[in-house]
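**Student:** So the chains spell out like this:
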Amino acid sequence: MALPEAAIFQGLSWNLLSDLQQLFSYGFMVNALEAGTIVAVMAGVTGWFMVLRRQAFAGHTLSVIAFPGAAAASLAGLPLAVGYFSFCGLGALTLAGIAGSRRSHSSESAAIGSLQALALALGFLFVSLYHGVLNSVDSLLFGTFLGITGDQVMTLLAVAAATVAVLAGCARPLLFASVDADVARAAGVPTQLLEFGFLLVLGLSVAATSQITGALLVFALLVTPAATAHQLTSRPLLGVMLSIAIALAVTWLGRARAAFSIYPVGFYVTSLAFALYVVVRLGRALSSRTQTLAPPAEAA
Amino acid sequence: MSHAPAGSAAHEPSEEDQATPVRAATAVTFERAATRLGGRTIWRDVSFSVARGEFVAVLGPNGAGKSTLIKAVLGLLPVAPGSALVLGEPPGAANARIGYLPQRRNFDAGTRIRGIDLVRLGLDGMRWGIPLPGLPRRRREAKQVAEVLELVGAAAYARQPIGELSGGEQQRLLIAQALVRRPELLLLDEPLDSLDLPNQASIASLVRRICQQEQVAVLLVAHDINPILSYLDRVIYLAGGNAIEGRPHEVISSETLSRLYGAPIEVLHASDGRLVVVGQPEAPFVHGDRHGPA
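Protein chains in written order, with our numbering: chain A, 3 to 302; chain B, 5 to 298.
The following block holds chain A by itself, in its conformation from the complex (with noise of 0.2 Å):
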């Protein structure tokens, strides 16, 4: 690591005023903010079809192939975000190439995690060609958050909004699809596209996300705050409202916490996460308990 990621600022105090001026203070502490509130707003929407869809998988190793991309892309003296989308989007099109031929889920599976499984070898194998001045692998899969420019904010932002507003112009066919591919495509629902252009989606918004993120947070901050939401309501727009509001709320935490911390921003906002699903998941199971025990209807 070029440089360890210290705390930045002297350490929480008991005023929690004086520590959020603190933090607004810098202005690449706002880009910080900024980014990962974009982020996190993206990355709760994509991550909710995806879980719904049940392509986690295929989700984690599009963050994956981030990696080799900006590996790439440093060896060859271009702009890391070149490598990211070009990577990020060769990859969306091969799974829905592995998708679109299928013949089982057990055999996309295992090709998806072929698949993963070199972009992670070829991540490793541009870092050591370029020994040394690359920004470090642990930035690259981890992710600082800092150093964020106000042009690389906009970027985001223009490709977080047309991600979000794909997804909501398709968001009934896309549903539609997803649970119910047959009776859709009886219907004369484009489901095949559709998966082509999910993918799509989840890739260009995956490499959007990962020049901030790193290549692993960014799965972190799709898959846990959707399946979270998931546990907690099976309505599809509550969840999705959900899903973007819990991934707001351990972006900003695990960013503020982390400021005034020795941990990696990374660390907090995933463990956030998790806790959170932990927390989720055991409270359905002890509510389905006492269900059964006593069964009154389930009312959503």
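Hints were generated in silico from the structure; no laboratory data involved. In this text, all values refer to a predicted model and were calculated from it rather than measured experimentally. Don't take each hint at face value.
Claimed, not checked - Incomplete in silico selection of chain B near chain A, CB under 10 Å:
| # | residue |
| --- | --- |
| 1 | A100 |
| 2 | L105 |
| 3 | L122 |
| 4 | L125 |
| 5 | P137 |
| 6 | R185 |
Claimed, not checked - Now the in silico label distances, taken between C-beta atoms and shown as ranges:
| # | chain 1 | residue 1 | chain 2 | residue 2 | range |
| --- | --- | --- | --- | --- | --- |
| 7 | A | G285 | B | D112 | 17 to 23 Å |
| 8 | B | E93 | A | S289 | 49 to 55 Å |
| 9 | B | G171 | A | A58 | 26 to 32 Å |
| 10 | B | G277 | A | A58 | 49 to 55 Å |
| 11 | B | G250 | A | A112 | 47 to 53 Å |
Ideal placement from N, C-alpha and C gives every residue a C-beta, glycine not left out.
Use these hints to put chain B onto chain A, whose structure you have.
**Tutor:** Frame of chain A; chain B shown alone:
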């Protein structure tokens, strides 16, 4: 009620109405039709017609092409040679006016979507754009969904995640989904499969009631004729690449089935009115031992 593709804007007084001034009396007509799947002819010389308000079962042994027939009606597989007309149009052109329930779909406990949302998708799931709440159309559609849930008797559990419901409850919701657009033709592919006997009977009588009340033509693929026998108008029996159509007791007879199979078949009449077919190459009327969950 405005529908998405393939126009069926029943409420908008447009050229649509003049183009189809009366709903065709026959919902489906197949004329010496054949279909091929993967280079193999599944069946040929199949002729039948289904009228509005008629409840017709599609029977036959495994692999006879029952589901293929449904897919041909939907236009998902081509009919050639021969001709097919569905709701007055070539197969596939009138799918917006067809309610379709594919072969057994089970939603496992992990499916976190409510029954009511699934039914709703049958109505607007093909529509692009952002659904804005509060529009008159949304309210009208919500009413339509509530009505169809009432019709199939699923209102009590429609707000639970569908994965947590029983097979019979899921099946009622799926029928509601197929019915929600007020189709003129209902295609049900093995809706009774894997239901217990009381549920089979109640779903069959529900289909009969819908058929009469809404004047819907129903094509129902069944594995066992007995639970539906008393509700049926006619049957189409597929076997050995051919089909015979007629009233249930005419078709399910030793003479007719022997002719269709080209082998001696015996139909026994049990004292409770059940029909038992004996001697066919592969017994279609026996439960269990079927191809896995499709």
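**Student:** None of the hints should be skipped; say for each whether it holds.
**Tutor:** Here's how the hints hold up against the structure:
no. : hint                        : in the structure
1   : A100                        : holds, 7 Å
2   : L105                        : holds, 8 Å
3   : L122                        : holds, 7 Å
4   : L125                        : holds, 5 Å
5   : P137                        : holds, 9 Å
6   : R185                        : holds, 9 Å
7   : A:G285 / B:D112: 17 to 23 Å : holds, 21 Å
8   : B:E93 / A:S289: 49 to 55 Å  : holds, 51 Å
9   : B:G171 / A:A58: 26 to 32 Å  : holds, 27 Å
10  : B:G277 / A:A58: 49 to 55 Å  : holds, 52 Å
11  : B:G250 / A:A112: 47 to 53 Å : holds, 50 Å
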